[in-house]
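Quick one: dock chain against chain with the hints and give me the complex.
Spelled out from the first residue to the last, the chains are:
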Amino acid sequence: MTDTSKTQSPAKTPMSPRAKKYWLSLIAASALGLIGGFLIYPIGYELGRAAGSGEMPAGSWFEAPIDSTTAVIIALIWGVALPLLCILYHKNVDEQEEHAFLWAGLIGWYAMVIIAPVWWVLAWAGIWPEAHVMGIFAIGMIVNAIVFSWKKFH
Amino acid sequence: MKNRLKVLRAERDWSQAELAGRLDVSRQAVNAIETGKYDPSLPLAFKIGRLFSQPIEEIFDDEFDGE
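Chains as they are written, first to last, in my numbering: chain A, 1 to 154; chain B, 1 to 67.
Just chain B, same shape as in the assembly (with noise of 0.2 Å):
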């Protein structure tokens, strides 16, 4: 799944590892996150919208284009 999460992370001037710490997982998720190898749990992608003040929908795209 498509996701916002690293330009998120560098409109904060973050590392991966300050956001994992932010998030409480590993370095290597947020980075499997980002590269779209890993998709987050629902409590994991709310957290990450909470943590950015941004609803989930406007951080991950599903690519559902409706039809």
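For reference, chain A alone in the conformation it holds in the complex (with noise of 0.2 Å):
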């Protein structure tokens, strides 16, 4: 084999093509992430405060109004701009990051698919409060995060 070790020192190299779209990805995903967090945050505080002054109850803020415009241009962004930034995302991620990213999807599939039937059947029963689509949908994303964290950086 060629000794290619003695090359120039990467550090001085530009990033590769690879990890341009990689970073590309991530930042594009946040931005869309805060624009998204920016239109729901009235809503949010709107909801925080009524509820704070006991004006509604704080487990019906999922019914509470919100405009259509608001929930277009967020299910947009969920529904057709992440998904072509998860394209891009895959195919420049690396391997490593890839294996830990399966784990996760797999883990937080399984805590999906083990709690949302104990939660209903245990609610059908009376002896917890209704199951509520996004709080499992919450617990499935937090199970993905700690096994991603946990395998990308532990």
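Note that these hints are calculated values from the structure, not bench results. Warning: the hint list may mix true and false statements.
[Unchecked claim] Okay, derived cross-link-like pairs now, SDA-like style, lysine to any residue, Cα gap no bigger than 20 Å in a straight line:
1. 47(B) with 15(A)
2. 47(B) with 99(A)
3. 47(B) with 18(A)
4. 152(A) with 36(B)
5. 37(B) with 148(A)
6. 91(A) with 41(B)
7. 37(B) with 146(A)
8. 37(B) with 97(A)
9. 91(A) with 27(B)
10. 37(B) with 153(A)
11. 37(B) with 94(A)
12. 20(A) with 17(B)
13. 37(B) with 95(A)
14. 91(A) with 23(B)
15. 37(B) with 150(A)
16. 152(A) with 18(B)
17. 152(A) with 35(B)
Put into structure tokens, the structure is as follows:
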């Protein structure tokens, strides 16, 4: 084999095309997340104020009204832009992070598959409050994030 | 899987980030391979072999004793 170890230090070389696209996908996804957050913040703030003052119970947040323009923009961000950025991310992520992502996805999926029926059947029996889709989604996302961080950085 | 990546990197006085740049992977990937927490794919293992001018089996040890 030819010794390629004496080449120019990569610290002085520009970021690879793969790494550029990888970071572009992350930065764009973060920017879209911020936009979505800014759009929904006034609604959340108002709901928080109402809950704090006793005007509405905290448990009714997801039943609160949202204007259709905000809802459509957030739906487009999550339903159209995010999948496109996911394709860009997965085409350019390095293999160790992809490995972490796959495990995180699997365990996050199991979290939802296990928790959703348990919650639903307990709610059916009146033991727990009614199952909420966003609550189950949030659990799946949290489990996903924990497993990803463990596999990626530990 | 055990490997000599850390030794080979140290012989060249490279940081993990520097090696990561040469392999076009993240620094976390280099760290995970060095500590045996992640086994690289065959393409990446070949790339590592080419970078250090050594065959894969000189760098990675699957601890197979022939039995």
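The hints, checked one at a time:
Between residue 47(B) and residue 15(A), the direct Cα distance comes to roughly 18 Å. Compliance with the 20 Å bound is thereby established for this hinted pair. Between residue 47(B) and residue 99(A) the alpha-carbon distance is near 18 Å, which keeps this suggested pair within the 20 Å criterion. With a C-alpha separation of about 16 Å, the suggested pairing of residue 47(B) with residue 18(A) holds against the 20 Å cut-off. In summary, the hint linking residue 152(A) to residue 36(B) is supported, as the alpha carbons are separated by about 13 Å, within the 20 Å threshold.
For the given pair, residue 37(B) sits about 14 Å from residue 148(A) by alpha-carbon distance, which is consistent with the 20 Å threshold. Between residue 91(A) and residue 41(B), the direct Cα distance comes to roughly 16 Å. Compliance with the 20 Å bound is thereby established for this hinted pair. With a C-alpha separation of about 17 Å, the suggested pair residue 37(B) and residue 146(A) falls inside the 20 Å cut-off, and the hint holds. For a cut-off of 20 Å, the pair hint linking residue 37(B) to residue 97(A) stands: about 12 Å separates their Cα positions.
Distance restraint check for residue 91(A) and residue 27(B): the Cα-Cα separation of roughly 19 Å lies within the 20 Å cut-off, and the hinted pair is therefore satisfied. Annotation: proposed proximity of residue 37(B) to residue 153(A) holds, straight-line Cα distance about 10 Å (limit 20 Å). Between the alpha carbons of residue 37(B) and residue 94(A) the distance comes to roughly 15 Å, so the proposed pair stays at or under 20 Å and holds. For the hint pairing residue 20(A) with residue 17(B), the CA-to-CA distance comes to about 16 Å; that is within 20 Å, so the pair holds.
Taking the CA atoms of residue 37(B) and residue 95(A), the gap is about 13 Å. The hint holds against a cut of 20 Å. A C-alpha spacing of about 17 Å is found between residue 91(A) and residue 23(B), which places the hinted pair at or below 20 Å, so the restraint holds. Between residue 37(B) and residue 150(A), the direct Cα distance comes to roughly 11 Å. Compliance with the 20 Å bound is thereby established for this hinted pair. Between residue 152(A) and residue 18(B) the CA atoms are separated by roughly 19 Å; this keeps the pair inside 20 Å, and the hint holds.
For the given pair, residue 152(A) sits about 13 Å from residue 35(B) by alpha-carbon distance, which is consistent with the 20 Å threshold.
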